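Participant: In case you want the letters, here they are:
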Amino acid sequence: VAADTDSAVLVLASLAEGTKHGYAIVQDIAEQVGVRLGPGTLYGVLARLEDDGLIEALPAEGRRRPYRITAAGQQALTRQLHQMRRVADLGLRRLGLAGGQA
Amino acid sequence: VNGGDGRQVRMLVALFPPAWRVRYADEFAALMAEIGTGAWATLDVLAAAQGGWLRPPAPIARRARRHVPVVALLAAPVVLPLASLVVAAASTVWARSSAPPGAGVAAPVFVLLAAFGVATAAGCGAGPALALAQSGPNGPVRLTVALAASACATAAMAVASIVSGAYQVARADAASAGLAVYALGMATALAVAAVSGVRGLRAAHLNRRSACAG
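Chains as they are written, first to last, in the working numbering: chain D, 2 to 103; chain L, 12 to 225.
Chain L on its own, in the form it takes in the complex:
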């Protein structure tokens, strides 16, 4: 097989779903090298690759499902903090304009906001946890630090929620201040969690890539 064929084989293999490639890429590339990459074989592979995405065999689908949380977590550090900050900003504006002035948001809304913020921070912190789970308990030190930062951020988020909630209950006239404390705590915690989450997920990605290469 010459270099051109090798490139074409790699391109054809790359058309299949990642979970399929983990299981079959080597032996499939070996078969392609023996059969060749003529038009007929290429068309057959294109049809099979399409089928691999549309109707993956059960074991491949199971492996693919294991990748789904990774994909979701990759999006989490970006999407969730932005969504949280948008919600915080909107609720702050809404609380200021509500009547009577300074009464703040209703208790159920506040509880929902707090729960959303804590879940967001925890979701961002799941990145380093996932990476550590893949690399074992004796993973890279920087990854452990990232996980610790995420855990601290999540805890800070929870404390900010509880303190501002208690403040709001104890002093109804200070509701806006409580909400501001909550928003500040949420923004800080989410920034820390997002950074450590991205670091952790990057480590998870590198671990997976090195595992596949090995």
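Next comes chain D alone, as it looks inside the complex:
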């Protein structure tokens, strides 16, 4: 579940910047986060996000099809990121690493 959720958050975060097709999403995530998203994984995530109404497919441009995050997708991403921040804060606090300590 964690892996699926992580991939979905990565894709939503990438699309939060603007519409992108599959290869642009893969490149963006690799450059910004350093995570290589496989083609099968990407399309599994895209299909589920589209099914949940969190992203929508735009008309194809040649063989490529751009995707766009929806308002529901922005809300879901915001909720997820806030939750991830709370988890990160909790972990850092309990490890004694909060407040910028290395």
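Worth flagging that the hints you see were computed from the coordinates, not collected in a lab.
For lysine to any residue, the following SDA-like pairs were computed, each having C-alpha atoms within a straight-line distance of at most 25 Å:
#1 D:Lys21 with L:Ala40
#2 D:Lys21 with L:Gly47
#3 D:Lys21 with D:Arg69
#4 D:Lys21 with L:Asp37
#5 D:Lys21 with L:Arg21
#6 D:Lys21 with L:Arg34
#7 D:Lys21 with L:Arg32
#8 D:Lys21 with L:Val33
#9 D:Lys21 with L:Ala44
#10 D:Lys21 with D:Gly54
#11 D:Lys21 with L:Ala52
#12 D:Lys21 with L:Ala60
#13 D:Lys21 with L:Thr48
Everything numeric in this text was worked out from a predicted model, so none of it was measured.
Following the hints, position chain L against chain D.
Facilitator: Just chain L, lined up with the frame of chain D:
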């Protein structure tokens, strides 16, 4: 992307369920052409294809469910007539050996047989109907003829059932003759319906393939 990669991409795309391919094949192949078909990407696609069959996303599952009747109907023209003829042969043998001789099968059994035969013929006739529904009301003439043949076969099946049933009721001593009329009518009707059903389903398959290619 060279020819070898193109073939490999096509092979990888072919691993996904048909409904998935209808929706994503083009853009996915384009992505694969850009990413490449290295071992890591291939393994990722293999895992995703497996997931596509085991846990298809809802829209893909809905499309796949629309394919299920087609698959069922493809089997119907072969399976149902054979099953019907086996049942008819068994019931005829059973009726001849039952006591008193020539009394035929019991009324409920006969009704069940008749209903099964009519449903079988109708099921076989659904092939051309399905193909016509896909190709529109102005579909190929041969398809329309196939549908008409199926409809006639189904009607013949129903008439054979009703006539032989009425004959059996009116003349109890002629029960075996009634059953023979029924069996003959069923065999003829099912043969016609099966042939036209196969033709119709073949047309449906070709329509779908040309639609996917377009």
